[in-house]
Structure formats: structure tokens, C-alpha cells
Amino acid sequence: MVHALQSIGIVFDGPAARRGGDGFDELLRAEYQRGYDAGADHVNRQIVEQRNEINQMRALLFENAEKAIDVAVTEVRGALPQLALQVVRRLIAGFEWDAQSVAQVAESVLIEAGVDPSEVELRLNTLDFELLRDLDPSMTDRHPGVRLVADARLERGGCEAVTRFGKIDGRISRKLDRLEVAMEGKS
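Residues 83 to 269 in the numbering used here are what the sequence shown spells out, letter by letter.
Treat each hint with caution, since some may be false.
Said to hold, decoys possible - Distance windows between CB atoms, simulated:
id : residue 1 : residue 2 : range
1  : 190       : 212       : 13 to 21 Å
2  : 180       : 151       : 41 to 49 Å
3  : 264       : 189       : 18 to 26 Å
4  : 134       : 260       : 53 to 61 Å
None of these hints come from the bench; they were simulated from the model.
Ideal placement from N, C-alpha and C gives every residue a C-beta, glycine not left out.
Working from the sequences, and respecting the hints, build out all of it.
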């Protein structure tokens, strides 16, 4: 009686096959090797497919990470000018103005005015006016034609020069506004 071994695709005739006759062992080894090779090929194809999937996922991960970094950098760049201005505003708010600092602000406004200093009215915050008048009398010596005027509406460190040509706004808030415009690239 002949039986088909469907799992390995061979036919044997019972007792003769059990004794190992007629090349059965060689046929069995060959079929085993064929099955092993088919399994190895299948596993290798799966490994290649998985490797390709991993490479695609890695590429997508890096692409998404790069996009996220670009978005974060753009957001940080957009926020930096405002953060810097907030820091400057806080520093200025807590700044202790002395006569030298007030004199430097006044000198910068006079330089910006660029006109004959004998025709300038220099307006200062009331406390700054007193500091400059009392602690730095050399200001009036250096600029004898400049008339110092106390102006309560100006904040500490702010200064305005009024000339026959107009007014030079040296208030800190105005300087910060100009700085903000420059930092944001506005015109």
C-alpha cells in the first residue's frame, strides 16, 4: 500500500521505507533541507520587510522631529524680542537713578538734538531735575544756554529737549518702543 506524505511531498511503501532502503534517507534529508531553506528565505524576507518599515519609520520620525524643531525655533525667535523687552523694562523699573545716569540721559538727548545748546529747554522728571541740579552742577557749566525744567509727567530717566525746531523725545518708554520696532524688523 502506498501512502502520500503530503507534508513533505514524498511517497513511501511502508516496511521497505522504514528500513531505509531505496534512498529514502537521502530523499528525507533533501526535503528537510528544502523546507529549511524555504523557512530561512521566508524569515529573511520578513527581516528585510521589517528593516524597510523601521527605516521608513525612522525617516518619518526624523522628518517630524525636524519640523517640530523648526516650529519651536520660529516660536522662540518670535518670543525673544518681547522677552528681552520685558527684561529691560523690569530692569529699568528697578533702576536706582543717580546724578551721573541722569546726566548721561540728558547728554544723549542734547546730542540727538544736534542744535545750538544755547537754545534748548531740557525737561526732566522732578526727582531727576533735582539730582541733576543739586548733584551735577557741571551740566549747566558745560551747557550754559540749556535751561533745565522739572516736568512731573515724565518718568524717571526720561528727558525731552525742546528747541526752536521741535521736540526731541528722550523718554525711556519711547526709546523702548523704538527698540521694539527695531527688534521686530518693523519700519
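Results of checking the hints against the structure:
| no. | hint | verdict |
| --- | --- | --- |
| 1 | 190 x 212: 13 to 21 Å | holds (20 Å) |
| 2 | 180 x 151: 41 to 49 Å | holds (46 Å) |
| 3 | 264 x 189: 18 to 26 Å | holds (22 Å) |
| 4 | 134 x 260: 53 to 61 Å | holds (57 Å) |
In this structure, every one of the numbered hints holds.
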